[in-house]
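Modelling step: build the complete structure from the supplied sequences, incorporating the hints.
In numbering that gives the first Met the number 0, the protein residues as written are 0 to 165.
Hints listed in this document are in silico derivations from the structure and should not be mistaken for laboratory results. From a predicted model like this one, the values you see are computed outputs, not experimental measurements. Certain hints may be false.
What the hints assert, rightly or not - Pairs of lysine-lysine, DSS-like flavour, derived with a Cα cap of 25 Å:
| # | residue 1 | residue 2 |
| --- | --- | --- |
| 1 | K138 | K53 |
| 2 | K53 | K125 |
| 3 | K130 | K143 |
| 4 | K138 | K125 |
| 5 | K143 | K53 |
| 6 | K130 | K53 |
| 7 | K143 | K162 |
| 8 | K89 | K162 |
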Amino acid sequence: MTCAATVEVLFERAIAAERAAEALYRGLEAKFAAHEDVVAFWHSYAEDEVGHAKWLERFREGLTPEELDAPADCIMLDNARRAMEASIDKLLDQVHDLEDAYELVNELENAETNAVFEFMLANFSKDEGAKAFLRSQLKDHIGKLMIEFPSQFSSAAIRRQVKALP
Numbered sequence: 000m001t002c003a004a005t006v007e008v009l010f011e012r013a014i015a016a017e018r019a020a021e022a023l024y025r026g027l028e029a030k031f032a033a034h035e036d037v038v039a040f041w042h043s044y045a046e047d048e049v050g051h052a053k054w055l056e057r058f059r060e061g062l063t064p065e066e067l068d069a070p071a072d073c074i075m076l077d078n079a080r081r082a083m084e085a086s087i088d089k090l091l092d093q094v095h096d097l098e099d100a101y102e103l104v105n106e107l108e109n110a111e112t113n114a115v116f117e118f119m120l121a122n123f124s125k126d127e128g129a130k131a132f133l134r135s136q137l138k139d140h141i142g143k144l145m146i147e148f149p150s151q152f153s154s155a156a157i158r159r160q161v162k163a164l165p
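Next up, the structure:
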């Protein structure tokens, strides 16, 4: 399905969504500043989002004016809009402990932002090598919460004991 909005608008929204996700992770860094390993973990997620935004900018630069002016996919446009418009402050206000943060990130990483990035990768990257690399990186990014979260906080009960800073 296509919309009146263009591929250029889709890119703008997708890049804004990646930057919003980065801002969320930076906020989580601040909320758990007392725990270096948790800060480092959220920092790595924030840096991944910076990288995603840069890749999207590169994809956009590789398109012709005609390609950028083409109608965008309505569903992806809406997904990107929702992701970029998420109130970071409101989301962070709902994080009272590390378990809240963990669940929020689990939802975020399985929601619109990564679906939009995957769509953009599949439809607008002209470099097959980059596509394979980025798909692998995205898979690692999504799985990071389950695999690389600091092991001393592996249980929900322990994460509930780690209170967030206001």
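A quick look at each hint next to the structure:
1. Between the alpha carbons of K138 and K53 the distance comes to roughly 18 Å, so the proposed pair stays at or under 25 Å and holds.
2. Straight-line distance between C-alpha atoms of K53 and K125 comes to about 15 Å, which keeps the hinted pair within the 25 Å bound.
3. Between the alpha carbons of K130 and K143 the distance comes to roughly 20 Å, so the proposed pair stays at or under 25 Å and holds.
4. Annotation: proposed proximity of K138 to K125 holds, straight-line Cα distance about 20 Å (limit 25 Å).
5. The straight-line distance between the Cα atoms of K143 and K53 is roughly 20 Å, inside the 25 Å bound, and the hint therefore holds.
6. About 14 Å separates the Cα atoms of K130 and K53, which keeps this hinted pair within 25 Å; it holds.
7. A hinted pair counts as satisfied when its Cα atoms are at most 25 Å apart, and K143 with K162 qualifies at roughly 22 Å.
8. For the proposed pair K89 and K162, the alpha carbon gap of about 17 Å is at most 25 Å, so the pair holds.
Taken one by one, the earlier hints all hold for this structure without exception.
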